[in-house]
Each structure stands twice: as C-alpha cells, then as structure tokens.
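Colleague: Modelling step: build the complete structure from the supplied sequences, incorporating the hints.
Going down the list, the sequences are from chains B and S. Numbering of the first sequence is given in numbering that gives the first Met the number 0, commencing with residue 0 and proceeding in unit increments. Numbering of the second sequence is given in numbering that gives the first Met the number 0, commencing with residue 0 and proceeding in unit increments.
To be clear, the hints were calculated from the coordinates, so they are not data collected in a lab. Please note that the accuracy of each hint is not assured.
Same chains, same names: a pair is fine if it fits in one copy or spans any two.
Said to hold, decoys possible - Only pairs whose alpha carbons sit at most 30 Å apart, straight line, appear in this in silico DSS-like list of lysine-lysine:
1) Lys210 x Lys73
2) Lys210 x Lys45
3) Lys10 x Lys210
4) Lys219 x Lys73
5) Lys219 x Lys159
Number of protein chains: 2
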Amino acid sequence: MDVQMVPDPLKEPEDLQRLQPKVDVEKELGYVFKAITLTRHKIDGKVPLIGFTGAPWTLMSYMIEGGGSNTHSKAKRWLYRHPQASHMLLKMLTDVIVEYLLGQVAAGAQALQVFESHAGILGPVEFNEFSLPYLRDIARRVKEKLKETAKDIPMIVFAKDAHYGLEDLSQSHYEVVGLDWTVDPRAARERTGGKVSLQGNMDPCALYAPKEHISEIVKKMLEGFGTRGYIANLGHGLYPDMDPENVGAFVEAVHTHSKQINKRM
Amino acid sequence: MDVQMVPDPLKEPEDLQRLQPKVDVEKELGYVFKAITLTRHKIDGKVPLIGFTGAPWTLMSYMIEGGGSNTHSKAKRWLYRHPQASHMLLKMLTDVIVEYLLGQVAAGAQALQVFESHAGILGPVEFNEFSLPYLRDIARRVKEKLKETAKDIPMIVFAKDAHYGLEDLSQSHYEVVGLDWTVDPRAARERTGGKVSLQGNMDPCALYAPKEHISEIVKKMLEGFGTRGYIANLGHGLYPDMDPENVGAFVEAVHTHSKQINKRM
Chain B
0 MDVQMVPDPL KEPEDLQRLQ PKVDVEKELG YVFKAITLTR HKIDGKVPLI GFTGAPWTLM
60 SYMIEGGGSN THSKAKRWLY RHPQASHMLL KMLTDVIVEY LLGQVAAGAQ ALQVFESHAG
120 ILGPVEFNEF SLPYLRDIAR RVKEKLKETA KDIPMIVFAK DAHYGLEDLS QSHYEVVGLD
180 WTVDPRAARE RTGGKVSLQG NMDPCALYAP KEHISEIVKK MLEGFGTRGY IANLGHGLYP
240 DMDPENVGAF VEAVHTHSKQ INKRM
Chain S
0 MDVQMVPDPL KEPEDLQRLQ PKVDVEKELG YVFKAITLTR HKIDGKVPLI GFTGAPWTLM
60 SYMIEGGGSN THSKAKRWLY RHPQASHMLL KMLTDVIVEY LLGQVAAGAQ ALQVFESHAG
120 ILGPVEFNEF SLPYLRDIAR RVKEKLKETA KDIPMIVFAK DAHYGLEDLS QSHYEVVGLD
180 WTVDPRAARE RTGGKVSLQG NMDPCALYAP KEHISEIVKK MLEGFGTRGY IANLGHGLYP
240 DMDPENVGAF VEAVHTHSKQ INKRM
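Modeller: Have a look at this one:
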C-alpha cells in the first residue's frame with residue numbers, strides 16, 4: 000500500500016481492489032533495507048540491531064482509519080461487518096510483512112519485533128480471530144525461511160494492552176513477549192510459565208519522576224521479573240517532553256539493580 | 000471547579016490555590032439535581048433512574064489535560080512528580096463527589112454509578128495508590144450517610160481497562176462491578192468469586208454487526224456471565240454512527256437468551 004493512500008483510506012471491501020495484489024517488497028521498501036545495512040555498519044558491533052514491523056491488524060486499522068483514532072471504530076466496523084474482507088486484507092498484509100522481515104534480516108537485522116499496537120482495542124474473541132493467527136503465521140513463516148539460511152534470529156511480539164492474550168502469546172513461536180505497564184511482572188511470569196522470555200514494562204511516564212524514584216521503580220520491576228529470560232525495557236515509547244537524563248537514569252538503574260540481584264543468587 | 004477553567008487547565012501544584020477550598024455543591028450543581036427530579040417524575044416508575052459521576056482520578060486528568068488525551072501524560076506526570084499535590088487534589092474531588100452523589104439520591108436517583116474512565120492508563124501500582132482508595136472512600140462514605148436515611152441504593156463501579164484491579168474492585172464496597180469488553184465473562188466470574196454482581200460487557204462495535212451476529216454474541220456473553228447477579232450492558236458507550244435498530248436488537252437478544260437460559264436451569 001503506497002503512503003499516498005493515507006488521505007484516501009479504505010472505506011468498503013471494494014476498495015481492496017485498489018491495493019496491489021502482488022507487492023515487490025524489495026522495490027517498495029528497499030530503502031529500509033539500505034538504512035538497516037548502513038546502520039549495522041555504523042554501530043560496528045557495539046549493540047545488536049533490532050528490525051521491526053507493525054502487525055497486520057494494526058496496519059489494517061491505520062489503512063481504514065486513515066490515521067490515529069481513540070476508538071478505531073471504523074476499522075472495528077469492518078471486523079464485525081465484513082469479516083471475510085477483513086481476513087483477505089489481513090492475509091495480504093501478512094504476506095508482505097513476512098517478506099519485509101526477511102528482507103530486514105538479509106540487510107543485517109539481528110532480532111525482529113512485531114508491534115500489534117492496537118491489540119487492546121480488540122476483545123479476546125476478536126483478538127483470537129483477527130490478530131493472533133496472523134501473529135503466529137508471521138513467526139512460523141519467517142522462522143521456516145530462516146532455517147534454510149541457518150540464521151538464528153530471535154523474535155519479539157508486543158501486543159499492547161492484550162492482557163487477555165498473554166498465555167496465547169507465550170505459545171506463538173516468538174522467543175520473547177513484550178509487555179505494557181498494565182501487567183504486573185510476577186503475574187506475567189506465572190501466566191507465561193517460563194515458556195518465553197519477557198520484555199518490558201516500566202510505565203514511560205515514570206520517567207517524569209525524580210531519579211531516585213525511577214531507581215526504586217526499576218528495582219521492583221527487576222525483582223518481579225527476575226534477571227533471567229528478561230529484557231529490561233519501558234512498557235511503551237517515550238514522549239517528546241521526556242528528559243534524556245532520566246532515560247539514562249533508567250538504564251543505569253537497570254544495570255545497578257540487576258547486578259545486585261545476580262549477586263544475591 | 001468551574002467549567003470555565005477547562006481552557007486554563009492546572010499546570011503546577013500552585014494552581015490548586017485557584018480552586019474553591021469549600022464547594023457549595025447545591026449551589027454549583029443544583030441544576031443536575033433538578034434535572035434528576037424532573038426525569039424521575041417523567042419516567043413515572045417505568046424504569047429505575049441511575050445517577051452517576053466521574054471518579055477522582057478521571058476528573059483530575061481532565062483538569063490537568065484540559066480535555067481528552069491519548070496518553071494522559073500531563074496528568075500522569077503529576078502523579079510521578081507531585082504525588083502529595085495529586086493526593087490533595089484527589090481528596091478535594093472525593094469530598095465533592097460524595098456530596099454530589101448524595102444530592103443525586105436526595106433528588107431521586109435509585110442507583111449510582113462511578114466512572115473511572117481513565118483507569119486503564121494507570122498501571123497496577125498507580126491505580127492502587129491514586130484511584131482505588133478514593134473509589135473505596137466514595138462508596139464507604141455515601142453508604143454511611145445513606146444509612147441514616149435508611150435508603151438502600153446499589154452502587155456500581157466502572158474502571159475502564161483496569162483488568163489488573165478486578166479482584167480489588169470486587170471488594171470495594173460496591174454491589175456491582177462494570178466491565179469493559181476486554182475481559183472474558185467467565186474469567187471475570189472466577190476472579191470476582193461471586194462477591195459482587197457484574198455489569199457489561201459487549202464490545203460497543205459489535206453493534207455494527209448484522210442482527211443475527213449480535214444475537215450470537217449476546218448469547219455467548221450471557222452464557223459466560225450467567226443470568227444471576229448480572230446486569231446486561233455494553234462494555235462502553237455508543238458511537239454516534241451506530242444504528243438505534245441494532246441497539247434494539249441487542250436488548251431483544253438479552254431478553255430472548257436470558258429467558259432460554261433461565262428455562263434450562
């Protein structure tokens with residue numbers, strides 16, 4: 000789907016005919032692959048490079064809403080009123096996403112994250128029908144293809160606000176499940192039963208707190224998750240008015256407290 | 000807080016001094032009480048009349064954001080940066096809310112619902128500190144006062160997206176816990192253990208579906224909740240483009256399926 004379509008969003012199932020039936024991912028998105036290769040060279044092995052993509056339902060909702068939305072009610076109307084056309088669109092998006100992620104790996108990405116940013120607007124029934132199967136399909140197909148090249152690329156799934164789907168997400172071919180800040184760390188460990196690594200989940204707004212408070216919040220978070228099978232992270236993105244110094248305090252607190260916890264073990 | 004303040008939202012704790020320290024609820028909100036009495040007379044005993052209010056954290060976030068917000072990051076910044084001033088404001092709001100609800104009952108409201116519409120933007124720790132204690136305080140104080148008048152007024156708490164707080168909410172002096180559509184009905188029953196009645200929770204967007212599909216969704220919902228200690232409802236409000244006929248189909252489906260379920264018992 001070309002970026003110029005944004006002001007002309009999908010309205011009815013007939014509009015699917017406006018989409019390219021067969022996408023040349025290299026031609027349309029090759030600039031991303033070039034950027035990845037360039038970045039990989041510049042970081043010179045100092046940190047790993049994570050590739051990423053939006054998940055099918057999240058992309059579908061942007062394509063129908065034509066932008067952000069509080070309710071996503073136009074996109075959800077499709078799910079309820081045009082389930083078949085919805086599945087057709089989700090399938091088309093999945094095909095492109097699989098190629099897109101494989102292209103990122105070929106270009107140098109060393110891990111992959113799939114963002115289902117709009118999962119929380121779905122209920123458990125709609126998530127199980129319109130999101131989860133495609134998330135699973137993406138991981139299965141990417142891994143199958145990567146086997147041929149003998150590359151071992153860990154995959155992370157982040158379905159924001161999909162608290163109801165935690166158990167299912169932990170059994171979806173992803174090595175890591177990312178969590179937003181509404182999930183208690185210990186509860187997340189119990190519910191996923193050691194099946195996956197967990198990533199997250201400090202409330203980004205905690206970066207507004209004084210540094211000592213950030214340190215306390217990080218300590219609690221690490222004690223809840225433990226330091227094994229765990230990637231310390233925020234539970235969502237930063238806001239523009241956040242102080243980079245406090246992001247530094249977050250990283251420092253992660254290092255300090257994880258070392259202390261590891262010593263005790 | 001006067002409605003003219005909306006374009007001049009609270010920015011820093013000093014701004015709390017702009018607020019009236021002692022609010023004459025009858026004077027400021029008497030028009031609501033008059034509307035309730037008028038409505039109660041007009042409906043002539045045909046249906047009960049539910050009074051309602053926003054909860055303290057939700058009102059606080061409007062007072063700081065000056066309107067709606069996706070992230071509520073300005074209001075959350077207060078919680079992390081000015082916890083004491085936040086508690087002061089939440090306490091002031093709680094005092095007014097208690098009087099406001101009592102005034103609604105005196106005017107003729109037969110049940111009361113408290114909406115913590117912005118609960119889901121909080122994590123469990125912040126909810127437990129800045130929302131739950133005030134929700135509990137409201138119910139406790141309203142009920143204590145109503146005891147003197149020997150009135151038996153059921154109270155409903157609806158904390159949208161507070162999936163993490165379901166157990167606590169079911170033990171918060173409210174007779175009914177309202178649920179949004181991201182909570183599975185059976186899971187909600189298990190987690191609240193029969194301690195309260197439940198209200199909810201069909202996805203409002205399901206009203207976009209054809210009537211037969213609405214009927215199936217309602218059937219599943221009723222089978223999940225059971226018909227005892229239950230108030231059938233949507234999981235949130237309607238959107239302007241929804242067809243009133245489909246709202247009718249929802250109500251009809253609730254009647255049809257609950258009768259069938261009761262027959263089987």
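Colleague: Look at each hint and say if it fits the structure.
Modeller: Comparing the hints with the structure gives:
no.: 1; hint: Lys210 x Lys73; result: between (42 Å within a copy, 18 Å between copies)
no.: 2; hint: Lys210 x Lys45; result: within (27 Å within a copy, 58 Å between copies)
no.: 3; hint: Lys10 x Lys210; result: between (48 Å within a copy, 21 Å between copies)
no.: 4; hint: Lys219 x Lys73; result: between (40 Å within a copy, 24 Å between copies)
no.: 5; hint: Lys219 x Lys159; result: both (21 Å within a copy, 25 Å between copies)
Hint compliance for this structure: no hint is broken.
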